[in-house]
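*Asks:* These are the residues of each chain, in order.
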Amino acid sequence: MTTNAQTAEQPIAIRVSGLLKSFGSHEVLKGVSLCAREGDVVAIIGGSGSGKSTMLRCVNFLETPSGGDIEIGGEKVEMHADGSPSNRRQIERLRQSLGMVFQNFNLWTHKTVLENLIEVPVHVLKCPKDEAIDRARKLLKRVGLAEKEGAYPAFMSGGQQQRAAIARALCMNPKAMLFDEPTSALDPELVGEVLQVIKGLADEGRTMILVTHEMKFAREVASHVIYLHNGVIEEEGPPEALFGAPKSERLKQFLKTVG
Amino acid sequence: MMMSIGAVAAASTLDLLAYSPPGWGATLLKGLLNSIVIALGAYGLGLLIGIGGAFGKLYGGPVLKDLLAVYTTIVRAVPELVLILILFYAFTGVLNEALLAWGFDRVQISPIVTGIAVLGIVQGAYQTEVLRGGILAVPSGQIEAARAMGMSRGLLARRITLPLMASNALPGMANLWLNATKDTALLAVIGFSELTQATKQAASTTKAFFTFFAAAMVLYLCISLLSTFLIGRIEKWARRGQRDMRG
Ligand SMILES: Nc1ncnc2c1ncn2[C@@H]1O[C@H](COP(=O)(O)OP(=O)(O)OP(=O)(O)O)[C@@H](O)[C@H]1O
Ligand SMILES: [Mg+2]
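So the sequence lines, in the order shown, correspond to chains A and B.
When the letters of the first sequence are read in order and numbered with the working numbering, they come out as residues 1 to 259.
When the letters of the second sequence are read in order and numbered with the working numbering, they come out as residues 260 to 506.
In short, the hints are calculated from the structure, not lab data.
Zero decoy hints are in this set.
The calculated lysine-lysine pairs, modelled on DSBU-like cross-linking and capped at a C-alpha distance of 35 angstroms, are:
1. B:K495 to A:K126
2. B:K459 to B:K441
3. A:K138 to B:K495
4. A:K199 to A:K216
5. A:K216 to A:K76
6. A:K126 to A:K138
7. A:K126 to B:K316
8. A:K141 to B:K495
9. A:K175 to A:K141
10. A:K76 to A:K199
11. B:K495 to A:K148
12. B:K495 to A:K129
A short list of chain B residues far from chain A (calculated; beta carbon distances all over 12 angstroms):
13. L304
14. R335
15. I449
16. T470
This one's a predicted model, so the numbers in the text were calculated from it and none came from an experiment.
Even for Gly, the Cβ is constructed at its ideal location relative to N, Cα and C.
Chain B on its own, in the form it takes in the complex (with noise of 0.2 angstroms):
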């Protein structure tokens, strides 16, 4: 009796998670898709913007090193999920009002590229962090050999200050990323059908809420996993040359 209910659970779980209808396996995947690809457009937005911040704050002038500042101390500040709803609200919305008055029509704007900007602001903010204190790690001496052997200064960032911060600035980033990818789920409060709102609509319609959140547990704990191992492997190539002081 026990075992036939088991089977019975086992196998309904089994349908609920199966990739055609009835099961909701599909909706899974797309929603765990979509998790990373706003997740990559995000890091990578956030990338540029991080470089570009952090070279901007250390060798800026006074008034971009203000607004950088500003940028910073706001997204920093505020929790992330107001944030997304504000920046949510502001970038459709400013977007939209700018048309209306330049006299073009309204813009539906994809939800995949609102998450990308959205996330990849935030994202941007921290990464300007993280790589400033990279490239502040990265001894002078090796910079000044590069300006006295007759450098340029955008060859000396390529060659030389991107390179050495990069393997100061990898666990920070390292991080970063896996927030990025955690970040992918709190688009959910604006119905974007990233991984948790396929979940809930899943759990919710079948009333099989263990189920499809333990599965979307996985989904994130497989993301992370494999994150862990290639960050494993970048961070080694970008240590090389580097001896390990621990022993």
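This is chain A alone, in the form it adopts within the complex (with noise of 0.2 angstroms):
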């Protein structure tokens, strides 16, 4: 699988190979490989129900894979024959090094964004509260929800959730962020400030799984693009060429659908 330049001698930080998925008999993912080393932003595209949020939900095992290997930060992930994890506490520590960003923001409604922010650090992390809360309102102030931190999710827009749920994740200093369309939920209008601090994080060099609608976007932060087509990758490298010179047929239509 091809990386960058830049990020070619750099450690593997996720590598998923020859994954399988099937939800009863219906047959999802089909044996799909990734490989993000560690500054890799790679993006994952393709048209509704071709498995996108499926793969990307299995590399922390919020869906159980039937098939095929995972690996985190050079660890394979225990798997029974079915694919499924054999080793739970292996599971929850290896979660821990990975910083989910959901379409529907998923915030704790009964915790207030700094309380959202502090929950895992404290009391799965074990950090000390005032360590945790120091580095809670940085992030916050990276986001520009400094003002934010006393307020409850549902009294925020859903850009300024989806903001507080990425620093959320932050705030476990994760290996790598996985988003998962994380504007899709979004008015047109709530799109970019999202966007920005998401390119903002790819700029630092953060290691980042992106499924997403945002083709234009895809192509300005992505350093590698895959593209899915009915639990296969059809087609995938450098988005410049996915983009600029798209191969397949199935790809080219893609992109003419989705503008």
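Reconstruct the complex from the two isolated chains, following the hints.
*Replies:* Now the structure itself:
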């Protein structure tokens, strides 16, 4: 698998090989692979139902794979023969190194923004509370929400909630970030503020896997793009190649329909 | 003439309700206290059963799920009065049979403990269902977010699911608390001296039925009003962070 030149010697952050996933008899992923080295931004694009979310969610085992291998930070995830993870403690530990951002933000509604941010650092990572609060405040400032630390999520705009959710993921100091269509649930005028935050993360060299429908954005930030169709990787490569000179008919068609 | 009869009646009513004999005030208040202790105990026991039962029904193995289904179905199908009689005789009977079989002496179980156990088992079945509904109404995304960040199951249940479920389950749980306070009256059938039994005793001895049952009604009403007030406070706290969508 190809990665861009600057990061070719970097250690591998996430490697997925031959991933299979079925829901009942419905085969959703038919052997997909992906490799993200540290600093890579891998974008996954594709039509609705092509398996993008499923692939991303298998990386941190929110979905249980039906087969294949997954390696996080050089550590192979222990699986049974059927692909299900065999060591829950390992899964929990590995998840702590992956910051996931969801389409619907999923902030905890009974906690203020600050409480959302320090929840996992304090209760899972056992970080001292004042240290966690310091860190959370810095991150909130960074995503432009310094004034909102005492607010409850229900009283914030979608864009603010998503920026808070990104800060919450960053608060764990993750080795990589996973984004599942982070702007799809947002009103158009709020998309920009969230993309700007994600762009900032890409620029500082964060490893990310990003499922997105924002083609312009994928082209701008990604170091590697994967086009998924019906559970197979139809085409992949650097963004200039994929968007500039698509080879497969399907991808050409797809790019035409999404504009 | 009319005035003086009224005055006599009022005076004797007060005499009847006076705290110390020959007034029956102390008996009524002791009954009230017993009722409250039993309601609190039964509700607490029901809460333990209910939390375990709700998580068991949702996340337990097939055997546990079946057992819980049998428990909640039976308890909710049978009239509480019948259940109380069955459980009372089963509870004391089976326990003593077991003790005798193991070579111990019979024990006299305190009526308070029996009352709490019996009503607690009834409460547990209803609370299991209310809490299960509360858990099901927790947005799955918020649980997923916690899982994605590496929270263990126990921590997730305690820090995320339970508090989110609490606000969903609160109206139903408040109802069950009021039921618990009123169900204590059913214990009168097994001769336990809670408020209703104490009232009956006072009324039949003095033949002042209206006076004593009116007094009992006022006491039950006081429990209910106080409960409603406290529940309102709790509900406000549990709903922190939620927007009032009714406008
Ligand atoms: N929990 C599930 N149970 C059954 N089928 C599922 C489940 N999750 C996803 N699927 C199916 O798997 C396929 C891929 O779904 P997935 O969510 O990965 O698509 P996607 O590429 O992310 O689509 P979108 O762009 O609409 O988000 C779909 O056909 C979907 O119906
Ligand atoms: Mg999706």
